[in-house]
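2 protein chains.
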Amino acid sequence: MATFGIRSNETFVLATTDRAVLDSKIFEGLQDDSTLHLLKQKHQALAAPTEENINFTPHYDTLIQSGTYEYWASRGQNPLPYSLAELIDNALSATARNQGVRKIEIRMMFDDTLGKPAVIVLDNGCGMTSKQLKNWAVYRLSKFTRDIGSYGSEDEGYVRPDPVHRSLNSDISFFGVGGKQAVFHIGDSVRMISKPYGSPDVHEMVISKQDFENKVKNKEDVYSGIIRNRKPGDFSHVKTNDERFLHNLILEESGKERFTAVVITGVFPDHIAFLKQDIEVWTRQLAEVYHYYIHGVNGKEMSDSSADSDCHPEIKIMISLRDKSPVVMDLREVENDIQTLYIKLAVDTFEFKATTAQDGGTVDGLIRYHPFLYDRETYPEDPNAVQGPDDEDDGDNEPGVLHQERKKRPIFDCFWNGRLIPYTTVSEFDWCAQSKGAKELAECYSRISGVLFTDDRFPVSTNKLTFMELELKLKHRDTFFTRILKGQKQRGNIQKDFTQWLKNCHEKWDKQVKFLNFKKTITRTEL
Amino acid sequence: MATFGIRSNETFVLATTDRAVLDSKIFEGLQDDSTLHLLKQKHQALAAPTEENINFTPHYDTLIQSGTYEYWASRGQNPLPYSLAELIDNALSATARNQGVRKIEIRMMFDDTLGKPAVIVLDNGCGMTSKQLKNWAVYRLSKFTRDIGSYGSEDEGYVRPDPVHRSLNSDISFFGVGGKQAVFHIGDSVRMISKPYGSPDVHEMVISKQDFENKVKNKEDVYSGIIRNRKPGDFSHVKTNDERFLHNLILEESGKERFTAVVITGVFPDHIAFLKQDIEVWTRQLAEVYHYYIHGVNGKEMSDSSADSDCHPEIKIMISLRDKSPVVMDLREVENDIQTLYIKLAVDTFEFKATTAQDGGTVDGLIRYHPFLYDRETYPEDPNAVQGPDDEDDGDNEPGVLHQERKKRPIFDCFWNGRLIPYTTVSEFDWCAQSKGAKELAECYSRISGVLFTDDRFPVSTNKLTFMELELKLKHRDTFFTRILKGQKQRGNIQKDFTQWLKNCHEKWDKQVKFLNFKKTITRTEL
Ligand SMILES: Nc1ncnc2c1ncn2[C@@H]1O[C@H](COP(=O)(O)OP(=O)(O)OP(=O)(O)O)[C@@H](O)[C@H]1O
Ligand SMILES: Nc1ncnc2c1ncn2[C@@H]1O[C@H](COP(=O)(O)OP(=O)(O)OP(=O)(O)O)[C@@H](O)[C@H]1O
Ligand SMILES: [Mg+2]
Ligand SMILES: [Mg+2]
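Protein sequence lines, in the order shown, are assigned to chains A and B.
Throughout the first sequence, residue numbering follows my numbering, covering 1 to 527 in sequence.
Throughout the second sequence, residue numbering follows my numbering, covering 1 to 527 in sequence.
Same shape as in the complex, but just chain A (with noise of 0.2 Å):
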């Protein structure tokens, strides 16, 4: 407060910079640090300009509503295995350099004798020290912005992983929003749970929207916290009969080495619903994001007879439902995810890279043909369509039909890092594009399927629903694509590659029933 010179004779007000006079009720309303005009009048021009000091800290929605508007359907399918995947992306990465199996499980806890809803993350991965662990609430900061740690942590700076075939490199941590996103989206409160290698302490930090409420109404800064350091399997601190499945969860620390838990609770009502009924509908959705990181980079099926998988250590990733009737699953047994259909009704592959000019990034692609036996199409129906009743009537042909047909829908699906980027498809590329192509093999065109692993130099939005420009990207003039057969770069023109390809592949897998030549017209009597 400083002092002003004011004549006797002279009269003023007081005024807030948005010029309201000064009252009792609005002095009571003024915050600390509030700049104050003093004036001759109401409305008389400043003399000078003057500078005001504001506070600008994010709302503390950024956390709580950072998924709610995120997530949304498409192609009728609910998103919320979609924010479950963020946390098994982060398990993912924190289990990369694991020595033996890579163990990721998702708890649905679902008994009410247990206690309240709560859906659990847990993995045997690096764990977080107790500075990774607030680093981890803190909404984007990520791996390029965390500054290196002063007293020699883990985290010196963000090392790029080396390229692998098919980008399966397990880093799939990118904006620093993904946790967070997630588990607002599925509920109101977290509790992580955390212990790294080597640490005697648990590391543990609850953040919840009714402790930001508390936090707004008794004034406080509303993103100070505590993290309670305690011993492995230290329950003293669960006191509410709400979380009573955490006791068994804590107990379980003390056999582990290192491990990451993510407790979700205030799980909303319409989540539990649909991770209840529908969990054969989501594990599916699951298992198809993370097909090739379950089943190795040549994917299910393949994966015995190739040695070349990089997916060693295995992954292994566990839904758990405990309710009435509970559920234990491994989603690798997951049978009709639509990557495991398309390998499993393959015959023959066409591989190629393609090079844009750019980035420097780099695209492996895959594309898969199914054969017509006999009397049919082996091309695997999409288990995500909507079955709405408009697809009974699905004749290829009809003029007019205005949905997508099945046969028409996009051929590639695409993969960021080795997981799928699930609303981002590519329809085709100039050169396996059926218009481009022989008359003569115009069917085959609809008979292939396909598959495009990316690296992180494509970017993909916050959410991993969508590729930020992939198509377009792909689809420049300077993109370049090369066929690659047995591992090697093959020179030449991909166009003709492929098309002697897909000619091959018709005249060796195609069974059509033939009327050849045509002898004479049998009546045939005894009908």
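In short, the hints are calculated from the structure, not lab data.
Since this is a predicted model, take the numbers as computed values, not measurements.
Mixed in with the good hints, there may be bad ones.
Put simply, identical chains are the same to the list, so a pair is met inside one copy or across any two.
[What the hints assert, rightly or not] In the BS3-like style, the derived pairs of lysine-lysine whose C-alpha atoms are separated by at most 25 Å in a straight line are:
(1) K408 / K475
(2) K143 / K103
(3) K25 / K489
(4) K344 / K239
(5) K239 / K209
(6) K489 / K408
(7) K436 / K408
(8) K276 / K316
(9) K496 / K215
(10) K231 / K209
(11) K439 / K408
(12) K344 / K316
(13) K503 / K489
(14) K215 / K143
(15) K324 / K511
(16) K40 / K256
(17) K42 / K256
(18) K42 / K239
Guided by the hints, dock chain B with the ligands onto chain A, whose structure is given.
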């Protein structure tokens, strides 16, 4: 600092909660208020749990990066116009209660004699008090979460506007993120200048990436800032040559009762190139997004003949580009946005209302008929379709064509509170689907286009690019459709009504050349 009693025969270590033993280097790196463990040895188990105070204020990238991975490309479109749209949204909200014309200007200052490149969005709306200006900067603070102003500001709690026809309610603010997402998607610094009605002062604030970086370097609070309150027309604080264009902008203030100017600098070079070169593309995209705000509730062409337009006073969105070849235009002049084309080429309309069970949300719908005339369809080409090389050969009924064909594009474009949500379309409903219809009308089903108008009970994603689950909700079996005729709800079966309407359209409007009765074959010997 507390005092501990340690006997002289005891040895001990002081360690961080991450169990780093304190030495002089680590000691220097400690932050105020750090929690330390006093232990007999580094790896000793904790005798009792400790509680460590942490702070997890969001990283400043919460603002700076908020738009970077949000506006993705779809159908080959550059999404930049959709970030500009966020600023137009704000200006539409701000001018909603204007008495006279509602004027919104987008000025691209790309003339380097005026300073560095800048994008300015200017409106003659309600302006912001200094408190509201501060609130602008608070990420995720929305009209729903804003605390009620402690001294009589206009900000006192949110009141949902009354329902209006087709939800053109100008209430297009929702999440408290749009402005920040947009501004930092376009450039790396923003200067907000605003004057609310009745205030003698202009309020001004700058937020920039550079500022944030400096504050981190100086260990200051990143979210502290300054608002400058000054006389209108006073540009004495603008000292750098880079921002010369501000002189004129600030000089204009004197004639204005109220306004807001959003001045973006550090505009990314890619954006500048696109804004300059593709001005026809992005003005068309914007004209599409705001078609019904600009032209009134019935759209272009219809606006004269109709009396019930809700868009009084008039909304004027002006675009100017100052460059070697300057451009000034009114978005109203755009002739080739898809809505204008649909309206121009329609001969008849079918109106309906959809009522969903749970949300109490309503949807106004409209279907238009584009007849066959003599030798061709009049259904407009989609100006947004990427003109890939494939599109030349585009036969309607070729089997196995994998890309979506023009006539197979979804029927409905979808508007939210009157503005287009560009990446969500609804393909069809059961009752207007060809597969459900009479065979003899089959072709007519591909001659319809449509529009859906929803209010904000149907949530959209924070970037306003997609609806969250509009299609899911509308296709729910409890959704109820009613035909609207001359403003009145019609009882009866909508499918029957629609089919009848379609049949009438066909009979009345389609002019097909038909060869009716075969007479005889003529050989034209003169050829
Ligand atoms: N299960 C885990 N084990 C160990 N560390 C984890 C785990 N989950 C999260 N973390 C740490 O917390 C950080 C924040 O996670 P979060 O998912 O919020 O963002 P991110 O993974 O960095 O980026 P993205 O937005 O792409 O998910 C991670 O970068 C990682 O360092
Ligand atoms: N041109 C303007 N004139 C007056 N007030 C404005 C203007 N632009 C923004 N504001 C104020 O600033 C607030 C924040 O704007 P911002 O666009 O960031 O979020 P929002 O509009 O509230 O929500 P959304 O995320 O849907 O855009 C607005 O709610 C409004 O009160
Ligand atoms: Mg993550
Ligand atoms: Mg806004």
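Same-copy or cross-copy closeness of K503 to K489 [CA-CA at most 25 Å]
For K503 and K489, only the intra-copy Cα distance (21 Å) is at most 25 Å; the inter-copy one is 58 Å.
Reference check for the pair K344 and K316, CA-CA at most 25 Å: within, between, both, or neither?
within (21 Å within a copy, 59 Å between copies)
Within a copy, between copies, both or neither: where do K489 and K408 come within 25 Å Cα-Cα?
neither (30 Å within a copy, 38 Å between copies)
Since the copies are identical, ignore which copy is meant and state whether K215 and K143 lie within 25 Å (CA to CA) inside a copy, between copies, both or neither.
between (29 Å within a copy, 20 Å between copies)
Can you tell me if K231 and K209 fall within 25 Å by alpha carbon in one copy, between copies, both or neither?
neither (27 Å within a copy, 42 Å between copies)
Are the CA atoms of K42 and K239 at most 25 Å apart within a copy, between copies, both, or neither?
neither (57 Å within a copy, 30 Å between copies)
Check K436 against K408 for me: Cα-Cα at most 25 Å, and say if that holds within a copy, between copies, both or neither.
Cα proximity of K436 and K408: in one copy and across copies (16 Å, 20 Å).
Intra- versus inter-copy proximity for K316 and K276 (alpha-carbon distance at most 25 Å)
Answer is within: at 21 Å inside a copy they meet the 25 Å cutoff, but 52 Å across does not.
Reference check for the pair K344 and K239, CA-CA at most 25 Å: within, between, both, or neither?
Cα proximity of K344 and K239: none, with 51 Å in one copy and 69 Å across.
Within a copy, between copies, both or neither: where do K42 and K256 come within 25 Å Cα-Cα?
Intra 69 Å, inter 20 Å, cutoff 25 Å: inter-copy only.
Can you tell me if K324 and K511 fall within 25 Å by alpha carbon in one copy, between copies, both or neither?
neither (49 Å within a copy, 65 Å between copies)
Between K496 and K215, at a C-alpha cutoff of 25 Å, which is it: within one copy, between copies, both, or neither?
neither (67 Å within a copy, 58 Å between copies)
Violation of the numbered hints given earlier is confined to hints 3, 4, 6, 9, 10, 15 and 18; the remaining hints are satisfied by the structure.
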